[in-house]
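S.K.: Based on the hints, put chain B in the right spot on chain A.
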Amino acid sequence: MTTSATTAPASPDPRPHPRHESESGVSFGRALKSEWIKITSVPSTVILIIITTVVMIGLAALLAWQTALSLNVEGDPEMTAKMQGQADAATALGVPGAGLVFGQLLIASLAVVLIASEWGTGMIRSTMVVVPRRSLALLAKQSVMAGISFVVGAGSALVAYFVVQPILNTADLGFALSDNGALLHIVNTGLVLALISVFAMSIGTLIRNTAVGVVTSIGVLLVLPILFTVFGIGTEWVAELGRFLPSSGGDQMVATSISEGAFTQWQGALILGGWSLLLLATSLVVTNKRDV
Amino acid sequence: MIEAQALSKRYGTKTAVDAVSFTAQPGKVTGFLGPNGAGKSTTMRMIVGLDNPSGGRATVNGVPYAKHKAPLRELGALLDAKAVHPKRSAYTHLRALAATHGIPNSRVREVIELAGLGPVARKRVGGFSLGMGQRLGIASALLGDPSTVILDEPVNGLDPEGVQWVRRLAKSLAAEGRTVFLSSHLMSEMALTADHLIVIGRGRIIADAPVQSIIDGQGAARVRVRADRPQDLLGSLAADGVSAQILEPELLEITGVEPRRVAEAAVRNGVLVYELTPIQLSLEDAYLQLTSQEVEYQSHSLTPSGLLAASTEGHRA
Chain A
1 MTTSATTAPA
11 SPDPRPHPRH
21 ESESGVSFGR
31 ALKSEWIKIT
41 SVPSTVILII
51 ITTVVMIGLA
61 ALLAWQTALS
71 LNVEGDPEMT
81 AKMQGQADAA
91 TALGVPGAGL
101 VFGQLLIASL
111 AVVLIASEWG
121 TGMIRSTMVV
131 VPRRSLALLA
141 KQSVMAGISF
151 VVGAGSALVA
161 YFVVQPILNT
171 ADLGFALSDN
181 GALLHIVNTG
191 LVLALISVFA
201 MSIGTLIRNT
211 AVGVVTSIGV
221 LLVLPILFTV
231 FGIGTEWVAE
241 LGRFLPSSGG
251 DQMVATSISE
261 GAFTQWQGAL
271 ILGGWSLLLL
281 ATSLVVTNKR
291 DV
Chain B
1 MIEAQALSKR
11 YGTKTAVDAV
21 SFTAQPGKVT
31 GFLGPNGAGK
41 STTMRMIVGL
51 DNPSGGRATV
61 NGVPYAKHKA
71 PLRELGALLD
81 AKAVHPKRSA
91 YTHLRALAAT
101 HGIPNSRVRE
111 VIELAGLGPV
121 ARKRVGGFSL
131 GMGQRLGIAS
141 ALLGDPSTVI
151 LDEPVNGLDP
161 EGVQWVRRLA
171 KSLAAEGRTV
181 FLSSHLMSEM
191 ALTADHLIVI
201 GRGRIIADAP
211 VQSIIDGQGA
221 ARVRVRADRP
231 QDLLGSLAAD
241 GVSAQILEPE
251 LLEITGVEPR
261 RVAEAAVRNG
271 VLVYELTPIQ
281 LSLEDAYLQL
291 TSQEVEYQSH
301 SLTPSGLLAA
311 STEGHRA
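Those protein sequences? They're chains A and B, same order as listed.
All residue numbers for the first sequence refer to my numbering, where the first residue is 1 and numbers rise by one.
All residue numbers for the second sequence refer to my numbering, where the first residue is 1 and numbers rise by one.
Next comes chain A alone, as it looks inside the complex (with noise of 0.2 Å):
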């Protein structure tokens, strides 16, 4: 042996036998903080948080000086003030969760990857072992990772929002956080993420692997949407299915302009809020019948 690392360990634990039951229940709290440490003990988990939430806000710069250049490139100023009036507010009020469309799919495999690997590596069977109540676990695990990804998704709009204020300022379409809807619009960016966080991760535990976890989630919420628009071109009904899933509910969420039938805010949250409670409560069920 060349440490002493297997050398003459100490006599097993000295103290008597002290029951402490008082100050040592598992509670929720605790299982929160137990997850937080996993979380954030892992290396490669905070550099994909920390990298979506970096590429949300340089997304949301880059669509903002796109936006202001392509109003500038005119030099015609009545050319330019026509087109501010066509470019109306709601798209720059929409330029803070730009960044969404590609932070959803970060948040929805790191989701997956999150409770997935725990059953790649074993993990799962000591983090159900000291949480013997499953749902108690899944839902400490869900509530932190939902709560990083709201915070990913709501900072990075309010630090986008700082950021392209002064790009947008160039062409005249800068706006105040208390203008109409500009709050709301990054608030729901995190509520996005969240609940995409949430719908991912229940997933992953239903299907327990990393890789078909991942791939069901984005084909969920990437390639379904596609699908979805190139059928129901010409197909009335496809169309109006279409307008439910939960993508549909996400974009809906974040809008910044609500079109001619379409959903409000409040009906978007209320379709992907449905689709991620319904996969949450399905993951329970089917964990506490399971065997680990």
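Mixed in with the good hints, there may be bad ones.
Unchecked claim - Within a straight-line C-alpha distance of at most 30 Å, the following computed DSSO-like cross-link-like pairs (lysine-lysine) qualify:
| no. | chain 1 | residue 1 | chain 2 | residue 2 |
| --- | --- | --- | --- | --- |
| 1 | B | 14 | B | 69 |
| 2 | B | 82 | A | 33 |
| 3 | B | 69 | A | 289 |
| 4 | B | 67 | A | 33 |
| 5 | B | 123 | A | 33 |
| 6 | B | 67 | A | 289 |
| 7 | A | 33 | B | 14 |
Note that these hints are calculated values from the structure, not bench results.
Owing to the predicted nature of the structure, the values given are computational and were not obtained by experimental measurement.
M.R.: Quick look at chain B alone, frame taken from chain A:
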């Protein structure tokens, strides 16, 4: 204390654990012995609630494990040394487990020292050897200072020093009044560590007794005798349950009779006896006798002809 009552586990049509009932008492090391695939791990997983029983129930200190408010205080388990995320350090892994019960970091450091993991506590678990993984598993089992400890194959992958350490640990935990429930497929290990044995084969309990009585029970008193007139001696010993094998003209092995009765018979018949040796069965023998009918993956002895047959088949293929 662990109690299993008619505990069963079925996977489809296959029965892995078949209505198993036993008790692991406090203050004792209870060995759980059986061939691979006998249902040891499944039984242990049902005790801690990882597997849902198909029938029956298991309790820890009178209550199903999952119903305890502070399960880690009741029972600590090493079920699988690899139940760890490889990118976490031993210290953070234990800290995450401890956090669920509000166990302080001082206790985490204590079990790290106890398991001899001090120098590698901050290193990623992914780089651990099997033996260090076992030590980490044992550290996590002791985290909550539990009154019952379950260790599934704890000496797997440990070096001789580590094996000795686990032995001493199991015994001293039992000496402190805790319940220690220890599985192994190594009988020699059990002979050294366990006070009480539960032998399982094909999902059924085939013995549940103190170690010594299992050895005795299977032994059916065998005696080796060297005598000048073996036939005369056997003639007067003939009774139900007594059988003998003549190994050499003057060497016998008699089963089912105490050495004293052999000596008495020799005196009565004037037979000269110049060796009289009671043969004690090893735990190994007892175990093999017990489980011979219950082994799932049996190795077949290769007779010379068998070997030959196998190799010629190999050539043809």
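S.K.: Would you mind marking each hint as holding or not holding in the structure?
M.R.: A quick look at each hint next to the structure:
1. B:14 with B:69: violated (34 Å)
2. B:82 with A:33: The hint holds at about 23 Å.
3. B:69 with A:289: holds (21 Å)
4. B:67 with A:33: Roughly 21 Å between the alpha carbons, so the hint for residue 67 of chain B and residue 33 of chain A holds.
5. B:123 with A:33: holds (22 Å)
6. B:67 with A:289: holds (16 Å)
7. A:33 with B:14: violated (40 Å)
The structure shown violates the earlier hints numbered 1, 7.
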